[in-house]
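As a plain string of letters, each chain reads:
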Amino acid sequence: MAEQKNFLITEEVINIQEVVDKVTDRNAGAVNTFIGTVRELTKGKKTLYLKYDAYVPMAEKKLAQIGDEIQIDFPEAKVAITHRIGELGITDIAVVIAVSTPHRADAFTASRYAIERIKEIVPIWKKEHWEDGEEWIGDQLEKKPYPSGKPEKEDLQ
Amino acid sequence: MIKVLLFAELEEKAGQREVEISAEEMKISDIKIYLLNKFPQLTVINTAMPAINEEYAEDEVKAKAGDNVAFIPPVSGG
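Protein chains in written order, with the numbering used here: chain P, 1 to 157; chain E, 1001 to 1078.
The set of hints was computed from the structure by calculation and includes no laboratory data. Relax, there's no trap hidden among the hints.
Partial list, computed: chain E residues near chain P (C-beta under 10 Å):
1. Phe1007
2. Glu1009
3. Glu1011
4. Met1049
5. Ala1051
6. Asn1053
7. Glu1055
8. Ala1070
9. Ile1072
10. Pro1074
11. Val1075
12. Gly1077
13. Gly1078
Backbone N, C-alpha and C fix where the C-beta goes; we use that ideal spot for every residue, glycine too.
Here chain P stands alone, though its shape is the one from the complex:
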């Protein structure tokens, strides 16, 4: 079994149940699980496969920071995030986020927050390999992520 870290970057295939088990809690009324997968078509362009790279120690630290941020708003939340790096094919799982909370609304909100925040502050990069070329992707949110050239100060705290 993989190391029991709640915030993990791995080159292995992600076992969803293992991520869920990390947040299982007797007082949880909900476990929300977000699964991010590799899609084939982006605006009509066909992806063959993706490559993810990360600054691993910093990425794990920033994932843990997201967990801490969630606990400011939802002190009873338990959070686990595993992100895979390396070469991923179509339909492969890139990220699994599991959040447990006493009530379901908070689990949904916190999961959404976690995935959006990953796209802001966690040093993970995706390289698209298309039929006709390849490119590092830097504006996953489909907006300029850093209008001033980098995230605003408040994004990075």
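Starting from the known structure of chain P, arrange chain E on it as the hints suggest.
This is chain E only, laid out in the frame that chain P set:
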């Protein structure tokens, strides 16, 4: 010695992930200039976020010998 880490597009353009700079202390902005002199093709460094020892840092912050400085291009995880 200051260790500089380059990722993704920066790594590809420089042809290496790590660069060592023999200096006791250096501002992030000066490290950028140093890298641009060494790798003129690395203009995308201006859209990267600097980090010192795994925390984001501003351009005017000084890195010291033993520090790890990383340049983080726009991220795209998830």
